[in-house]
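Based on the sequences and whatever the hints tell you, model everything.
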Amino acid sequence: GAVVSQHPSWVICKSGTSVKIECRSLDFQATTMFWYRQFPKQSLMLMATSNEGSKATYEQGVEKDKFLINHASLTLSTLTVTSAHPEDSSFYICSARLRGRAYNEQFFGPGTRLTVL
Amino acid sequence: AQSVAQPEDQVNVAEGNPLTVKCTYSVSGNPYLFWYVQYPNRGLQFLLKYITGDNLVKGSYGFEAEFNKSQTSFHLKKPSALVSDSALYFCASLPYSGAGSYQLTFGKGTKLSVIP
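Which chain is which? The protein sequence lines are A and B, in order.
The working numbering runs 257 ahead of the 1-based position in the first sequence.
The working numbering runs 16 ahead of the 1-based position in the second sequence.
Please keep in mind that the hints were generated in silico from the structure rather than gathered at the bench.
The structure presented is a predicted model; accordingly, all values stated were derived computationally and were not measured.
A couple of the hints might just be wrong.
Straight-line alpha carbon distances no greater than 16 Å define the calculated EDC-like cross-link-like pairs of lysine to aspartate or glutamate that follow [to be verified]:
1) 38(B) / 80(B)
2) 277(A) / 362(A)
3) 124(B) / 25(B)
4) 271(A) / 362(A)
5) 323(A) / 309(A)
6) 85(B) / 101(B)
7) 298(A) / 25(B)
8) 65(B) / 362(A)
9) 298(A) / 24(B)
Over 10 Å on every C-beta distance to chain A, these chain B residues come out as not near it, computed from the model [what the hints assert, rightly or not]:
10) 77
11) 125
12) 127
Backbone N, C-alpha and C define an ideal beta-carbon position, used for all residues, glycine too.
Following this line, the structure appears as structure tokens:
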């Protein structure tokens, strides 16, 4: 099956620093990757959609200068949380859409737990 | 706009008993429907999907779901629950086509607790 990895799986950082999270599709090309945020005991909230080689599309209320997304290749997208603050602490999950599928199935990464002190 | 509802925040069931996790949807046209499971501090794992064809869909780990168009429901079921089934379950939909047809809409999730 299609596998999506995320790195790191967890990260602790000081307030004011920037953190980069990588999302990779390991055995397929991903036309589109998605970034979600999940608060404890809540559902996934779509933050942005990134297409390879173009700018990401951010959902309403998500600061694009705060959450920088780069989709440099068909197998890699990165989310950088800039000048992180404690309220950015959350579980970040990426997913990738498999190129060529008849329907737009997404495959999810294992998530990254970010804790900002 | 499409929406997915999971009316129960939590479902408790005794081990060995059948379990049902409810999901209803509101989507124009024919949706694609999915169930995912999430264990603590993990990403989502795919359980099953309804695309077309038989209304009863069988998936991973003995789970199944029935697509009911008249009731706009897609309830997740398992004949005999295991303690290891305890997790957070998400129902999700994709519109069949049109703008945003690549964006999943998630329900809020249902926590399943299987009691030994």
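Exercise for the section: For the pair supplied as a hint, residue 277(A) and residue 362(A), confirm whether the alpha-carbon distance does not exceed 16 Å. Expected result: violated (26 Å)
Problem - Hint consistency between residue 124(B) and residue 25(B) [alpha-carbon to alpha-carbon, up to 16 Å] - result: holds (8 Å)
Practice task
For the pair we were handed, residue 298(A) and residue 25(B), check the Cα-Cα distance against 16 Å.
Solution key: holds (10 Å)
Problem - Hint consistency between residue 65(B) and residue 362(A) [alpha-carbon to alpha-carbon, up to 16 Å] - result: holds (10 Å)
Exercise for the section: Could you grab the alpha-carbon distance between residue 298(A) and residue 24(B) and see if it respects the 16 Å cut-off? Expected result: With a Cα-Cα distance of about 13 Å, the restraint between residue 298(A) and residue 24(B) holds, given a limit of 16 Å.
Handout entry: Nearest-CB test (10 Å) between chain A and residue 127(B)
Key = For residue 127(B), whose nearest Cβ neighbour in chain A is about 8 Å away, the distance does not exceed 10 Å, so it is violated.
Practice task
Hey, is residue 125(B) genuinely clear of chain A, shortest beta carbon separation above 10 Å?
Solution key: Per Cβ check, residue 125(B) is inside 10 Å of chain A; nearest 5 Å; violated.
Handout entry: Proposed proximity, residue 101(B) with residue 85(B) (alpha carbon, max 16 Å)
Key = Violated, at about 27 Å.
Problem - Status of residue 77(B), Cβ more than 10 Å from any chain A Cβ - result: holds (15 Å)
Problem - Hint consistency between residue 323(A) and residue 309(A) [alpha-carbon to alpha-carbon, up to 16 Å] - result: violated (20 Å)
Problem - 16 Å limit on alpha-carbon distance, applied to hinted pair residue 38(B) and residue 80(B) - result: holds (12 Å)
Problem - Holds or violated: residue 271(A) to residue 362(A), with C-alpha atoms at most 16 Å apart - result: Violated, because 36 Å separates the two Cα atoms, which is more than 16 Å.
The structure shown violates the earlier hints numbered 2, 4, 5, 6, 11 and 12.
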